[in-house]
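Engineer: Starting from the structure of chain P, add chain U where the hints point.
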Amino acid sequence: MLYFDHCASTPPHEDVIQTIAEVMRIHYANPSSIHQAGADAGNLIERARGLVAKLFRTKPEEWIFTSGGTESNNLAILGAARQYAGRGKHLITTMIEHASVYETFQQLEREGFTVTYLPVDEFGSVSAEAVEAALTDETILVSIMHVNNEVGSVQPIADIGRLLADRPKTLFHIDAVQSIGKLPIDIAGWGIDLLSGSAHKVRGPKGVGILYMKSGLKLHPIVYGGEQERSMRPGTSNTPSIVASAKAFRIAIEEAEARCSQWRMLRSRLIGHLDGIQELVLNGSAETDSAPHIVHFSYPGMKPEVIVHALEQRGFVVSTKSACSSKDDKPSRVIQAISDDSRRAASGIRISFGSEHTEQHIDQLAQAVRDTVAELKPLERRN
Amino acid sequence: MSSNIYDMVLLRLGSEITIKGKNRARFEKVLADQVRRALRPFSDAVVKRTYGRLYVELNGHPYEDIANALRDVFGLVSFSPVKRADVDLESIQETALAVFQANKQRKDTFKVTVKRGWKQFPHDSLEMNHLVASHVLRATPELKVDIRNPQVDLRVDIQQGGAYIYCDVEKGAGGFPYGENGKGLLLLSGGIDSPVAGWLGMRKGLKLEAVHFHSYPFTSEQAKEKVITLAKRLLHYTDGKFKLHLVPFTDIQTSFAQSGQERLIITLMRRAMLRITEKIAVRESATAIVTGDSLGQVASQTLGSMNVIGKVASLPILRPLVMMDKVDIIQLSERIGTYETSILPYEDCCTLFVPKSPATNPNLEIVEATEAGIDNLEAMIEEAVKNTVTVVLRPEEAAKPARESEEDRWF
Numbered sequence: 001m002l003y004f005d006h007c008a009s010t011p012p013h014e015d016v017i018q019t020i021a022e023v024m025r026i027h028y029a030n031p032s033s034i035h036q037a038g039a040d041a042g043n044l045i046e047r048a049r050g051l052v053a054k055l056f057r058t059k060p061e062e063w064i065f066t067s068g069g070t071e072s073n074n075l076a077i078l079g080a081a082r083q084y085a086g087r088g089k090h091l092i093t094t095m096i097e098h099a100s101v102y103e104t105f106q107q108l109e110r111e112g113f114t115v116t117y118l119p120v121d122e123f124g125s126v127s128a129e130a131v132e133a134a135l136t137d138e139t140i141l142v143s144i145m146h147v148n149n150e151v152g153s154v155q156p157i158a159d160i161g162r163l164l165a166d167r168p169k170t171l172f173h174i175d176a177v178q179s180i181g182k183l184p185i186d187i188a189g190w191g192i193d194l195l196s197g198s199a200h201k202v203r204g205p206k207g208v209g210i211l212y213m214k215s216g217l218k219l220h221p222i223v224y225g226g227e228q229e230r231s232m233r234p235g236t237s238n239t240p241s242i243v244a245s246a247k248a249f250r251i252a253i254e255e256a257e258a259r260c261s262q263w264r265m266l267r268s269r270l271i272g273h274l275d276g277i278q279e280l281v282l283n284g285s286a287e288t289d290s291a292p293h294i295v296h297f298s299y300p301g302m303k304p305e306v307i308v309h310a311l312e313q314r315g316f317v318v319s320t321k322s323a324c325s326s327k328d329d330k331p332s333r334v335i336q337a338i339s340d341d342s343r344r345a346a347s348g349i350r351i352s353f354g355s356e357h358t359e360q361h362i363d364q365l366a367q368a369v370r371d372t373v374a375e376l377k378p379l380e381r382r383n
Numbered sequence: 001m002s003s004n005i006y007d008m009v010l011l012r013l014g015s016e017i018t019i020k021g022k023n024r025a026r027f028e029k030v031l032a033d034q035v036r037r038a039l040r041p042f043s044d045a046v047v048k049r050t051y052g053r054l055y056v057e058l059n060g061h062p063y064e065d066i067a068n069a070l071r072d073v074f075g076l077v078s079f080s081p082v083k084r085a086d087v088d089l090e091s092i093q094e095t096a097l098a099v100f101q102a103n104k105q106r107k108d109t110f111k112v113t114v115k116r117g118w119k120q121f122p123h124d125s126l127e128m129n130h131l132v133a134s135h136v137l138r139a140t141p142e143l144k145v146d147i148r149n150p151q152v153d154l155r156v157d158i159q160q161g162g163a164y165i166y167c168d169v170e171k172g173a174g175g176f177p178y179g180e181n182g183k184g185l186l187l188l189s190g191g192i193d194s195p196v197a198g199w200l201g202m203r204k205g206l207k208l209e210a211v212h213f214h215s216y217p218f219t220s221e222q223a224k225e226k227v228i229t230l231a232k233r234l235l236h237y238t239d240g241k242f243k244l245h246l247v248p249f250t251d252i253q254t255s256f257a258q259s260g261q262e263r264l265i266i267t268l269m270r271r272a273m274l275r276i277t278e279k280i281a282v283r284e285s286a287t288a289i290v291t292g293d294s295l296g297q298v299a300s301q302t303l304g305s306m307n308v309i310g311k312v313a314s315l316p317i318l319r320p321l322v323m324m325d326k327v328d329i330i331q332l333s334e335r336i337g338t339y340e341t342s343i344l345p346y347e348d349c350c351t352l353f354v355p356k357s358p359a360t361n362p363n364l365e366i367v368e369a370t371e372a373g374i375d376n377l378e379a380m381i382e383e384a385v386k387n388t389v390t391v392v393l394r395p396e397e398a399a400k401p402a403r404e405s406e407e408d409r410w411f
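These protein sequences, in sequence, are chains P and U.
Counting from 1, one number per residue, gives the positions in the first sequence under this note's numbering.
Counting from 1, one number per residue, gives the positions in the second sequence under this note's numbering.
Extracted from the complex, chain P is given alone in its bound form:
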């Protein structure tokens, strides 16, 4: 079986698994306890925090550990909006955000905030001009994903950051879940106030998210019950997974540059193959301005679940849309925003790869897609 669903989750690194097992066995004490065993566990968490901070050229006290990307996004957005509601009640995001951002903004609308959902172009990118046009004196938060999780489009974070540089009242949140370890991130240079990441997208364990919050910021907590993570994220800290996550982030970021060129090569090879299959439409950009590890296409007239299952029978794991919303059978909100074509939005397939893949794997996958399309062609729906 070849696994092409790295955007949903990645195979954990062997060293990550070993670290979790060792730390779990030795450092089981509660890291908040005052005895030495607790302090030892607590020190490991602080070392992990220090490592994460260093990877992003930030300060350790600017990071908190959460239960995952979804919680990081929720805490950043709900926390910032509720904390700074007194400064204004307008928020800006895009139409192509992950559900953990998009639905959080919908919740804030129910709480009385006004939200602008920016549209994207045909390649799935929002423009800095659109952000500029949407800004008002009331805007307290702009939240934009770095890399879109369905089509891999890259958003102009640096440009938007520059735009917000002289607006201290407007916080800038980045959902970097799909970009960490894939593309360079410059937190200070881009003027980022809040940034979310997730360990299991970079071959770390599930259940660990990271959230950057610039010095001096406060977030209204969304969970109550303890002083862990400066009271902003109470609950017993998950020592083994946090330590292993720091390791996973380190490996991913250190190797990103080398991996990235490998992925770009694989991506353009796969797009070359798929180009020859006339039933398929590529979503997003074919060029190198896209994320290096994602290829997304639609087969208008075909239910994407059918393609997923047909490819699975041939030994290839791919996905429809975001795993977080793949169980509903509504058309993809993201593809709809890009293409304004409900047939395309209802038939998307995402292929995302990792460092274990080779050119040969890509060729095999392309052949399987070709065979699957040929097999399913007679069953196409015309409307």
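Quick caveat, the hints were computed from the structure, so don't treat them as lab data.
Fair warning: there could be bad hints in the mix.
Facing chain U, from chain P, some residues (calculated, C-beta under 7 Å) [what the hints assert, rightly or not]:
1. Thr19
2. Val23
3. Gln36
4. Ala37
5. Leu51
6. Glu61
7. Val243
8. Lys247
Heads up, the beta-carbon is just placed ideally off N, CA and C, and yes, glycines get one too.
Structural biologist: Showing chain U alone in chain P's frame:
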């Protein structure tokens, strides 16, 4: 980012105003060494003296990173990011405009100050002022020249090999180069104040060591760890070595607690601490004691208390925070990076056995009588000095205490 346009950083020394003659040359050499130390992580940066000034050549390192490191160097009054231009009019004009536009501050008014160090350059400085200013004005017509009180002073320094252009002036830490004014011992508790007092002492050129008193098991291992963390942070501001003296204080403190003079216990403790510190100071050839006292902040910091407590020491007691307000102290502790550690909730021995209403105006005679009533006090003080453990912190160790090496594989 725009800050990457720069080639070098011009450093300004306090000595230019206050120190003359032989001392000044030494001062500059020491400062250059400190800057080199601070910039060690930036392998391509070079510290140089050119045309009588101290410069850092960036050689590709982002200016912001270098500036962050420079902000912590004592003795540096201010610094400016500089761009080099070829010595021809057009190149100077263009570079001046680029430097001016890279300046992010609000600017409605400016002036140009040209210095022509290389007299063969065809335009004199007065002419150059106009030629550069008019070029900048053409690109930014809303701007006005104000010779007397400009928001931005765009400076052009023309030398034979190149023209050096800058307009940003960033404030440095000020003070004296580390260690230029003798050695002091800091009473380091674990609270917010003492690390700030230590930093202010170092900023004024004191070579610093710290003394910490612990009363295990009344205080915890974590309290000690916390002080080590603070000391490691202070290490960052030193010349690469920081001594921390850990004094066992349990016996002395418990004997005071049983002395029947509950309201005087803080006075007694502070006096014992000073006695011990002075003995360590003599051993370490230090000639001052630095404390975080701030007038009136707590019972031991009233004038009456300071008087009775200070009587036991013959070395000068430096109290850098004595006239500062708490909010300002907190602000400084945030700036120097000790605040987050200082507010960790582990009890240190200064807060142990603290009575509900400690004496704010202790009576010297009663204090001395109480001390005389503790028959082995002098012996306990000698014992404490003898059993003091001295930890020498260095940058490598700061990053990696012994037991962490076996944990390295997890990270």
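Engineer: Run every hint past the structure and note whether it holds.
Structural biologist: Evaluated hints:
1. Thr19: For P:Thr19, the interface hint holds, since the closest Cβ of chain U sits about 5 Å away, which is under 7 Å.
2. Val23: With Cβ-Cβ at 6 Å, under 7 Å, it holds.
3. Gln36: Result: holds, 6 Å to nearest chain U Cβ.
4. Ala37: Check failed: Cβ of P:Ala37 comes no nearer than 11 Å to chain U, outside 7 Å.
5. Leu51: Interface hint status for P:Leu51: holds (6 Å vs cutoff 7 Å).
6. Glu61: 5 Å, holds
7. Val243: 5 Å, holds
8. Lys247: Holds - the Cβ of P:Lys247 comes within 7 Å of chain U, reaching about 6 Å at its closest.
Checked against the numbered hints above, the structure breaks only hint 4 and satisfies the rest.
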